[in-house]
Every structure is written in structure tokens, then in C-alpha cells.
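Those protein sequence lines, which keep their order, are chains A and B. Note that the UniProt record's numbering gives residue 403 to position 403 of the first sequence, counting from 1, and the numbers run on in steps of one. Note that the UniProt record's numbering gives residue 277 to position 277 of the second sequence, counting from 1, and the numbers run on in steps of one.
Hints are computed from structural coordinates only; laboratory data are not their basis. Any given hint could be a false lead.
[Unchecked claim] Lysine-lysine pairs mimicking DSS-like chemistry, simulated, CA-CA at most 30 Å apart: (1) 175(B) to 245(A); (2) 245(B) to 134(B); (3) 164(B) to 324(A); (4) 134(B) to 164(A); (5) 175(A) to 346(B); (6) 258(A) to 258(B); (7) 258(A) to 62(B).
There are 2 protein chains.
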Amino acid sequence: MNSKDGYQWTEKGGLTQGVPSIGLIQPPSNITEESTVYDVIIVGAGYTALTAARDATTSGLKVLLLEARDRIGGRSWSSNIGGYPFEMGGTWVNWGQAHVWREISRYNMRKELEISQEHSYGVNHFSLFTAAGKKTDLSHEEEDRIMISALHKFINVDGALGRKIMPFPHDETYKPDVLPIDRLTAADRLSQIEGELSPQEYGCLKGWLLLCSGSTLETMSFYEFLHLWALSGYSYEGCIEYLVKYKFRGGQSSFAIKFWNEALSTNRLSYNFNCPIASIKDSNNSVEVTSIDGRIYKGSRVISTIPLNVLSTIKFDPPIDPSKTRATNTGHLNQCVKVHAEVSNKDLRSWSSIDPSSKLLYAFGDGTTPAGNTHIVAFGANETHLDPEKDINATKKILTDLTDMNIERVVFHNWSSDPYAKGAWFFPGKEFVTSYLEALRARHGNVFFASSDWAVGWRSFIDGAIEEGTRAARDVLLDLRSGPRQY
Amino acid sequence: MNSKDGYQWTEKGGLTQGVPSIGLIQPPSNITEESTVYDVIIVGAGYTALTAARDATTSGLKVLLLEARDRIGGRSWSSNIGGYPFEMGGTWVNWGQAHVWREISRYNMRKELEISQEHSYGVNHFSLFTAAGKKTDLSHEEEDRIMISALHKFINVDGALGRKIMPFPHDETYKPDVLPIDRLTAADRLSQIEGELSPQEYGCLKGWLLLCSGSTLETMSFYEFLHLWALSGYSYEGCIEYLVKYKFRGGQSSFAIKFWNEALSTNRLSYNFNCPIASIKDSNNSVEVTSIDGRIYKGSRVISTIPLNVLSTIKFDPPIDPSKTRATNTGHLNQCVKVHAEVSNKDLRSWSSIDPSSKLLYAFGDGTTPAGNTHIVAFGANETHLDPEKDINATKKILTDLTDMNIERVVFHNWSSDPYAKGAWFFPGKEFVTSYLEALRARHGNVFFASSDWAVGWRSFIDGAIEEGTRAARDVLLDLRSGPRQY
Numbered sequence: 001m002n003s004k005d006g007y008q009w010t011e012k013g014g015l016t017q018g019v020p021s022i023g024l025i026q027p028p029s030n031i032t033e034e035s036t037v038y039d040v041i042i043v044g045a046g047y048t049a050l051t052a053a054r055d056a057t058t059s060g061l062k063v064l065l066l067e068a069r070d071r072i073g074g075r076s077w078s079s080n081i082g083g084y085p086f087e088m089g090g091t092w093v094n095w096g097q098a099h100v101w102r103e104i105s106r107y108n109m110r111k112e113l114e115i116s117q118e119h120s121y122g123v124n125h126f127s128l129f130t131a132a133g134k135k136t137d138l139s140h141e142e143e144d145r146i147m148i149s150a151l152h153k154f155i156n157v158d159g160a161l162g163r164k165i166m167p168f169p170h171d172e173t174y175k176p177d178v179l180p181i182d183r184l185t186a187a188d189r190l191s192q193i194e195g196e197l198s199p200q201e202y203g204c205l206k207g208w209l210l211l212c213s214g215s216t217l218e219t220m221s222f223y224e225f226l227h228l229w230a231l232s233g234y235s236y237e238g239c240i241e242y243l244v245k246y247k248f249r250g251g252q253s254s255f256a257i258k259f260w261n262e263a264l265s266t267n268r269l270s271y272n273f274n275c276p277i278a279s280i281k282d283s284n285n286s287v288e289v290t291s292i293d294g295r296i297y298k299g300s301r302v303i304s305t306i307p308l309n310v311l312s313t314i315k316f317d318p319p320i321d322p323s324k325t326r327a328t329n330t331g332h333l334n335q336c337v338k339v340h341a342e343v344s345n346k347d348l349r350s351w352s353s354i355d356p357s358s359k360l361l362y363a364f365g366d367g368t369t370p371a372g373n374t375h376i377v378a379f380g381a382n383e384t385h386l387d388p389e390k391d392i393n394a395t396k397k398i399l400t401d402l403t404d405m406n407i408e409r410v411v412f413h414n415w416s417s418d419p420y421a422k423g424a425w426f427f428p429g430k431e432f433v434t435s436y437l438e439a440l441r442a443r444h445g446n447v448f449f450a451s452s453d454w455a456v457g458w459r460s461f462i463d464g465a466i467e468e469g470t471r472a473a474r475d476v477l478l479d480l481r482s483g484p485r486q487y
Numbered sequence: 001m002n003s004k005d006g007y008q009w010t011e012k013g014g015l016t017q018g019v020p021s022i023g024l025i026q027p028p029s030n031i032t033e034e035s036t037v038y039d040v041i042i043v044g045a046g047y048t049a050l051t052a053a054r055d056a057t058t059s060g061l062k063v064l065l066l067e068a069r070d071r072i073g074g075r076s077w078s079s080n081i082g083g084y085p086f087e088m089g090g091t092w093v094n095w096g097q098a099h100v101w102r103e104i105s106r107y108n109m110r111k112e113l114e115i116s117q118e119h120s121y122g123v124n125h126f127s128l129f130t131a132a133g134k135k136t137d138l139s140h141e142e143e144d145r146i147m148i149s150a151l152h153k154f155i156n157v158d159g160a161l162g163r164k165i166m167p168f169p170h171d172e173t174y175k176p177d178v179l180p181i182d183r184l185t186a187a188d189r190l191s192q193i194e195g196e197l198s199p200q201e202y203g204c205l206k207g208w209l210l211l212c213s214g215s216t217l218e219t220m221s222f223y224e225f226l227h228l229w230a231l232s233g234y235s236y237e238g239c240i241e242y243l244v245k246y247k248f249r250g251g252q253s254s255f256a257i258k259f260w261n262e263a264l265s266t267n268r269l270s271y272n273f274n275c276p277i278a279s280i281k282d283s284n285n286s287v288e289v290t291s292i293d294g295r296i297y298k299g300s301r302v303i304s305t306i307p308l309n310v311l312s313t314i315k316f317d318p319p320i321d322p323s324k325t326r327a328t329n330t331g332h333l334n335q336c337v338k339v340h341a342e343v344s345n346k347d348l349r350s351w352s353s354i355d356p357s358s359k360l361l362y363a364f365g366d367g368t369t370p371a372g373n374t375h376i377v378a379f380g381a382n383e384t385h386l387d388p389e390k391d392i393n394a395t396k397k398i399l400t401d402l403t404d405m406n407i408e409r410v411v412f413h414n415w416s417s418d419p420y421a422k423g424a425w426f427f428p429g430k431e432f433v434t435s436y437l438e439a440l441r442a443r444h445g446n447v448f449f450a451s452s453d454w455a456v457g458w459r460s461f462i463d464g465a466i467e468e469g470t471r472a473a474r475d476v477l478l479d480l481r482s483g484p485r486q487y
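Build the full structure now, drawing on both the sequences and the hints.
Written out as C-alpha cells, the structure is:
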């Protein structure tokens, strides 16, 4: 069945809203008693919420999950079309990402991964645009060489490619002299190495930075990029392996549903989808969560997994503290656009491109569909923002400007216009991380806040979401002082 | 208080058995009702057992843990002497090891790590012995260069340093052409590259291989070393970071006790220490575990975390299958000796040595004690095996032969003579992994087997132990078909 989320275009069907997903939950609610007071109400159904719901229910708590959408997964979900999953948001995972890998291992899904970019089929080259329309075709080995050279110049603030200044990426301020770096944007750092980059290096680097941040060079935090680099083992090879290489053969929703089913199997999970939240009122002994449609739900504790960019739309009583308010008013920058194209050009499987002046600045062959077609994935950032559904023909033209392709299908989710996301994965401006992350993690009375947006490690990744869901469930359990409750 | 495990020597006290540990459990039992039938009896108290006990109790199961020793931790525990932890077995952890890092993060211990080898104090060199008594002092940079050159020659069976033949270290037979490699010992592989290694390269490589395997070149599996290499990101730098760099400031027992306390807090954990097991009898509806002292304990299921090398001492009724029997009779090879020395030579903090002809073939400065002394850790393998307690003066002489040092204290645990370990961490001979691991993981009626010795990923590591404990608890929970039980 179709979720209301996402868009699909085909020649025959035209542009339609809503795509099929195994993450759709039907019926959307299992609530029978309106008056129940739950141990904990979890707001959201992304990986943070799913992890918290699973950990809380399996530990004996009575949980209500409220979700604005009709599906689980939040900013990570897949649409399975004709037996092939298109990843609408968060996609890639790696065994070096502790929280997500622990779950992949625990759900025995280790063997359900496949490789996105395979450089061994057909057109095996990389198209680099150093100016609009100025294209050079290079080998992937040349791509790697240029990218590594550029990234090393960009990142090397300490003569040790970041290892010296950020030796523990999960304890990132271990060396306090890393803190002033958060005053730099990527553009600031680029100005420090002005003249050192060749035009090709600049083009590759800009493409990579905007891919990572979904924003602009002038606004994105250099510090956050350094953190990502440190997490990835301080190397471009590591970045590729951690960020864009391994994905689920069955799609993200095949993973998310495992958490959901385990939580459900406890018979302690109540839920209501299509239920956006208006306000959260904490009266010390219990918390009332009021939905947009005016229903009131009661719990001893609340875990809000509402994303940073959406949090300011919720009314809190008592109001959240000034620091959290400033953080939610500031928000993060990532307005990444991700567009999938199924193209009949079988030889594009090993193609990739970077065109920093295009609205889809980074693209590569991501798989082969059951029809034998190539699946191309393309990303845009906020510098020249694209809303693909507003003009699907223009979107297709942007793709075919990158290289010749015969497009049979386009699939995407517009995260920027999505009221429950207001952007893609977390990527901050300068000074956000060092100013606000601690405040965002803090509890507010009986309300706990958890989101990948302020995770310690793989912030903005599925791994960070699971880290945060784990933390929140444990904090609530400890807070309720019962260990698991006796029923 | 002192555990009965471990040894300590000082000038004043001489050699004494038993050292203090916060992993000692007092009183050793909390059993009040002898007749209880538990949901699951867990045999052992290492990380596998601790993880299984925690996951099972927090999920609502009634658990009995039986342990032969007087302490938790199994082959990973620390003795805290004068405020300084000496790691008696498994020590190092890394954030790229998913299972252990998920727990470190969950228990909020991210900031409790410190760095073992620091190359910035005093005598900053590496002593390499290429023949008995033939010592050359090199810089650590030279050490790295020689080691990398030697390891690359040794590992490079596929022209891609192992990446091609074992691209998924957590799905190691993803490329079936990796399987024939398990017919090689390290010596077999060395004969394939005969003439390619300089004497210094050979010395470094032999030291590293015996450090990793605790066995001999003629018996250790090349395949298992390749797997370890793949897990470490296919690089020597990765090996250092994953295998010997980051440890707990408070010692391993400060971590193990977190699992224990969480399990205890559920009030569903019964336990009996000093309780070695004689037999396990499965009568379909329940399992009887009989201790050496003749007491019988009953459970619906049993999780045995007994190490591979000890499993053959337990009588199973009905007998375990022939494949498991062959595996337990074969056992693994690792007879590593690990000896700590507290030395008054402050300038040895950044010293290291490799002497393949010494009974302590790999040594390095591992920390600074509260007295300002240097803590040296040294390892021996099975080629020229050392039992330190049999002649402590000879042991001290072996240390001082490596470099001048004034020894004030020696601390160690003899894992080879320990009846509940019969060796150190798992390291197999050729053809063991491809022949027996699947069989070792299989359940036997109501008895489940879990041990780091046959983990999928970081086999033989703390990470692998937690992986296995997680798997076993989940398998038992699913098997009892209840999800968490309602009490």
C-alpha cells in the first residue's frame, strides 16, 4: 500500500504523490482505551523513536507512540516499487557505526547488505564539471586522487589530518583547542588555503562538501565536517565506506520494521499514526500531549524525537529553556534534495558525476533494477535549491544535462517542504554544535528529548538516531526507578 | 578484596596468589530457594554471560548465573592495585567495534578511555631483536615503516591487501574463494613470500603474528589473521587502533560491573559463584545443571558460555553432536602469557620492543602508575612458553634482558594453567574456522552455546563476547515464545 509520502513520475502515470512502502502501518491505530495513562509517550516513529519504543516495551513499560505520518522510519524509509527499493532518505550503514551495526547483527541482517557504487560495469567514468557545461570525463582512480588531494588540503588544520586536534571523535572536545574551529564556515576554511586547490580539486571538494551538508559553503560549519571526517577514520576512503557504500538489499524499511515488530510483540505498544502534535504540557506528576486534532494523551514521561527543525512548532508548557529555544529557532541548514531516476541506459551503473553548478550536483549509479535498468541517485544542496515536484520536466532536464540518459521513472521525497522534517539530515552552521548540543540533550521536567540531530557520535545518521533512542529509553527507565515495571 | 585469580610479586611481599578486583562478587551467592526452576541458567560470568544475563533479566526472565570463579569478567578483568588497574586479560576497545561501543555509549563511559601507547615521553624508541641478544634501537616511525612493509607483503594474497577477497569482514565468506585460504598456516604463507622480507621485517612480522595468535607460526591460521586484518580496516594503523590503543581508565572490571549491576537491579538475577559445573542434562521440558559439588539447578533453558578449550570437560546428556565434539577436542591454540611490570624507570613510558626469541616477545610502556612509575606490559606466545609463577626470578630476568629496568612489582594471570580458560583469547589452527564455527554456534536441545570464541565479527574480543551474549539472550527469548514474561 502507498504512504502519502514521496512522489513518483513515469511516462504513463505522470507525477503522483504517495509511493508504496513496507513501513506503512495499517490500521493506523490500535488504541482502544482513550483514558490510559502510559508509562511513556514517544512522539515520532523514526529510528530514535523505534529504538526507544522497543527498549522501553521490552523492559516492561507501557508505551504510546504518536506519529504525524502514516509510516515508520522518519527521515529514513524506502519505497519498494516493482520489487526494488528506492531509499527516500537515510540509506547507508557500516559495521564501524556501533549502534546501527549492533542492531543489524542482533536482527541477523548482516548478510542483507549490498554495495551501492560498483566501479566495474559499462561506462566506468566520472564526469566532472568545473564550470557550467564544462565537462571532463575522468577515471574513478583519477576522481579518488583529486578528491583525496583536495580533502587533505582542506582538512589539514593540525598537520595530522585532524587526528591531533580531534583524536576521539566520540569525545570530540577531548582537546579543547578544537573549539575555536567551530567559528569557521567551509568558505572561511577555503579562504585559508586559497590558491592551493586546482580547479578540478575545487570542483570535487565543493561537490563533496555540499553533498555532506546539503547547504552552502558560506553557511556550513567546518567543525562539523571535521567531526564527520574523524568519525570516518580521517580518510576519504573511510568517508566513502561509511557514508555511501553499503545499503540494505531490501531497503531501510526492511530494517525499521524489525524494531517495530519486536516492540509490538510485547503487547505493551499502543500507537496512533496520522497524529501530529500541537502541544506538550508537563504537570509534574504526568504529561499531557495534545494532538492537532485536539485529543489528549497522558503519560508519566514523554520522549520527544521531534527533529530540530520542527521542534519550534510545538507549544511547551512550561516553556522550554532559552538555550533550547535559541537552538530550535536557529535550526540546522541541510536542505538536501535526493532524486532517484530509473534509466534504461544499462551502461551507467558505474558512472558518477559532480557538477557544483547543477541543482543536482552529485550523482552516481546506485543499483540495477529488476528490469535491468540502471538506478541513478542524485543530490542537490541549498545553494541552488530544487523542488522536484514543482516542475518534473525541469528536474528531468537537470538529470539529462549531467549525461545522456533515458529516464523511465523518477522517485523522490521533498524533505524541505515536508512539515515533519523541514530539511534533511542535521547539518549545522558555525558555532551551533559548540553552543547548543548539550542544551538540546537536556531533559525538561518529565519530557526527554532524543534525536540523531544532537547525537554524540554519528550525529545526523541512523546510527546517531539509535544511539539517542537507546539513551532516552534508559534515562526514562532509570528515572521511573523501577528497572522494568512489574505487571 | 582479593580474587583468588592472578598473581602479584613485590620485593617485600614476594610472590602471592590472588589480587584485588572490583569484579569480585561478595557474598558469592544470593540463592535462597534451592528448588526454583529458572527461565534460563547461564553458565559463566564473562562478557557473554553478563550481556545475556542483563538482556534476559531486563526482558523479564528469571535467570540463574553459575560461575566457577569468584568474580565476573571471565578472560577480561582488571586488578586495581594502589588505585591503578592492571588488565589481566582482554583490555583494549574501539568505537569501530559495534557491540562493545554500543555498551560503552549506553553506560555513558565514552569519556573513561585513555591511550595505552604514547610516543612522546622519555626513551622514545623501539628495540628490535633480530636474533637472540642482537638488538637494534629504532624510532617508532621506523618501527611503523618496517611493520607496514612486512604486513603488506604477508597479507597481500589478492593484490588489494585483502579487500578483494574478504570485502565484508562480518560476512567473511561473501566471496567463497576466500575459503581455500583457511588451509594455510602463517608459516605456509611465509613460505609463499620467501626471500621478500628483510631480517628486520621478518622479526617485526613474527613478533606481531605471535602477539596476535599467542601460538606458533607453524600452527596458527593465516585465514584468521586475514579476518582480523579485514576487521581492522585492512591497515596496520587500524590494527594498532583496534587492538592495542584505547583502554578503560578504571580497568575492564569497571565496565563489566555495569552489566552486572543492571541485571541485579531487576531483582530477577540469582547467582552462585565458586560453582564449577560438572554436567548438563536436557530432559526436553527442562535442563538440569549439576555442579562439581553435586548440587542440581533446574531451568527451562541453559546458555553455556563455557570457553571452547574448557567445553570438553563438561558432560552433556544427551551428548553434543560429533561436529561440536571434534571442535572442542581440537580447541584453539592461544597460550598467550601477559605479564605486567611496574618499573621505577620513568623514562620507559614510550619504549617498546619485539624479540621473537624471548619468552616475552612483545613489550611496551602501557601507562604511568600513581607512584609515577612506568607500567610495562609484555606478551609471550606458545613457541617458548612461560609460566611466570614457576620461577618469578627467571621471569624478571626475561624482562630485564629486553632493556634495563628496575622492577618493583609484577602482576599477571596465567591463563594456560587456569582450568576455566585453558588458554587466552581464541586463536585457531588452520581449517578450524571454516570447519567448526557454524557447529559451535548451533543450539543443542534446550542448551544454547555462546562465546566470543565463535563470534561472527570480532571473534575472541570483548566485542565478540557481547555480540554472542546478545544473540543468545534473544534466541532464548524468542524460543520461550513469550516475548518478555509477565510476572
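Output the indices of the hints that this structure fails to meet, ascending. 3 and 4
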